[in-house]
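Generate the whole structure from the sequences, applying the supplied hints.
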Amino acid sequence: MAQDKISYLALGDSYTIGEAVDIDQTWPNVLTSTLKKEGINIELEKIVAKTGWTTDELLIAVNEDEGLDTAKYDLVSLLIGVNNQYRGYGIEQYKEEFELLLQRAISLAGKKVSRVFVVSIPDYGVTTFAKENNKNEALIAKELYEYNSIARNISDRYGVKFFDITPISLSAIWDEDLIAKDKLHPSEKMYVGWSEYIAPGVYQLLK
108 MAQDKISYLA LGDSYTIGEA VDIDQTWPNV LTSTLKKEGI NIELEKIVAK
158 TGWTTDELLI AVNEDEGLDT AKYDLVSLLI GVNNQYRGYG IEQYKEEFEL
208 LLQRAISLAG KKVSRVFVVS IPDYGVTTFA KENNKNEALI AKELYEYNSI
258 ARNISDRYGV KFFDITPISL SAIWDEDLIA KDKLHPSEKM YVGWSEYIAP
308 GVYQLLK
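Start counting at 1 in the sequence shown, then tack on 107, and there's your number in the numbering used here.
Among the clues, some could well be false.
In silico BS3-like pairs for lysine-lysine, Cα to Cα no more than 27 Å straight-line [as the list claims (entries may be wrong)]:
#1 Lys143 - Lys179
#2 Lys112 - Lys179
#3 Lys242 - Lys112
#4 Lys179 - Lys157
#5 Lys179 - Lys202
#6 Lys268 - Lys238
#7 Lys179 - Lys218
#8 Lys290 - Lys268
#9 Lys153 - Lys268
#10 Lys218 - Lys314
#11 Lys157 - Lys219
#12 Lys314 - Lys219
#13 Lys202 - Lys144
#14 Lys219 - Lys143
#15 Lys219 - Lys202
#16 Lys218 - Lys242
#17 Lys219 - Lys179
#18 Lys143 - Lys202
#19 Lys249 - Lys218
#20 Lys144 - Lys268
#21 Lys202 - Lys112
#22 Lys249 - Lys144
#23 Lys157 - Lys314
#24 Lys219 - Lys268
#25 Lys153 - Lys242
#26 Lys268 - Lys202
#27 Lys238 - Lys290
#28 Lys112 - Lys238
Don't read these hints as lab results, they were simulated from the structure.
So this is what it looks like as structure tokens:
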């Protein structure tokens, strides 16, 4: 019997929509292709993400998207928060809005927590952009650690799988090919690395 198609929804910001790379090079698309090669009948049905979005902006977009009102997906991912940190938003705001977004993701996955996963925020402090603009690398790392700890703790509380790709992002310290031509966002090579790390865990969620 043929496997029913698994519909996948990706929620996020520039890291999900893939600023500075082609759409088929983004990690949700690479992940989808990887899972297909492993026999999973999956399609990336929709991406709700935009460069620069913070948690509140993603919340607005999700709540105002009429197409999501009646939609149910078999798999939902969430990666959000870097722009909260970049703009200096408070930790409490992130905590509150991330939890609301996770609740919405679970609802969109038919209330199946086993079909939702969260991806950590990469560390952009090691990028050429950060260095050329005299960004405080240590402060960025510290604050993103706090954001990611919040996301992990909330995910754990809800029983949602959390993938920590932040250590992979640090490889850009010695490999500039992991950064796109804009000197800030991940390249296709970086997204492939994320996908290779995430794919086995998502495969388990879907089997």
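Status of the hints after comparison with the structure:
no.: 1; hint: Lys143 - Lys179; in the structure: holds (21 Å)
no.: 2; hint: Lys112 - Lys179; in the structure: holds (13 Å)
no.: 3; hint: Lys242 - Lys112; in the structure: violated (44 Å)
no.: 4; hint: Lys179 - Lys157; in the structure: holds (21 Å)
no.: 5; hint: Lys179 - Lys202; in the structure: holds (25 Å)
no.: 6; hint: Lys268 - Lys238; in the structure: violated (33 Å)
no.: 7; hint: Lys179 - Lys218; in the structure: holds (9 Å)
no.: 8; hint: Lys290 - Lys268; in the structure: violated (30 Å)
no.: 9; hint: Lys153 - Lys268; in the structure: holds (20 Å)
no.: 10; hint: Lys218 - Lys314; in the structure: holds (18 Å)
no.: 11; hint: Lys157 - Lys219; in the structure: holds (26 Å)
no.: 12; hint: Lys314 - Lys219; in the structure: holds (14 Å)
no.: 13; hint: Lys202 - Lys144; in the structure: violated (36 Å)
no.: 14; hint: Lys219 - Lys143; in the structure: holds (22 Å)
no.: 15; hint: Lys219 - Lys202; in the structure: holds (22 Å)
no.: 16; hint: Lys218 - Lys242; in the structure: violated (40 Å)
no.: 17; hint: Lys219 - Lys179; in the structure: holds (10 Å)
no.: 18; hint: Lys143 - Lys202; in the structure: violated (34 Å)
no.: 19; hint: Lys249 - Lys218; in the structure: violated (33 Å)
no.: 20; hint: Lys144 - Lys268; in the structure: holds (22 Å)
no.: 21; hint: Lys202 - Lys112; in the structure: violated (34 Å)
no.: 22; hint: Lys249 - Lys144; in the structure: violated (38 Å)
no.: 23; hint: Lys157 - Lys314; in the structure: violated (30 Å)
no.: 24; hint: Lys219 - Lys268; in the structure: holds (12 Å)
no.: 25; hint: Lys153 - Lys242; in the structure: violated (34 Å)
no.: 26; hint: Lys268 - Lys202; in the structure: holds (17 Å)
no.: 27; hint: Lys238 - Lys290; in the structure: holds (10 Å)
no.: 28; hint: Lys112 - Lys238; in the structure: violated (44 Å)
The structure fails hints 3, 6, 8, 13, 16, 18, 19, 21, 22, 23, 25 and 28 (numbered hints given earlier, in ascending order).
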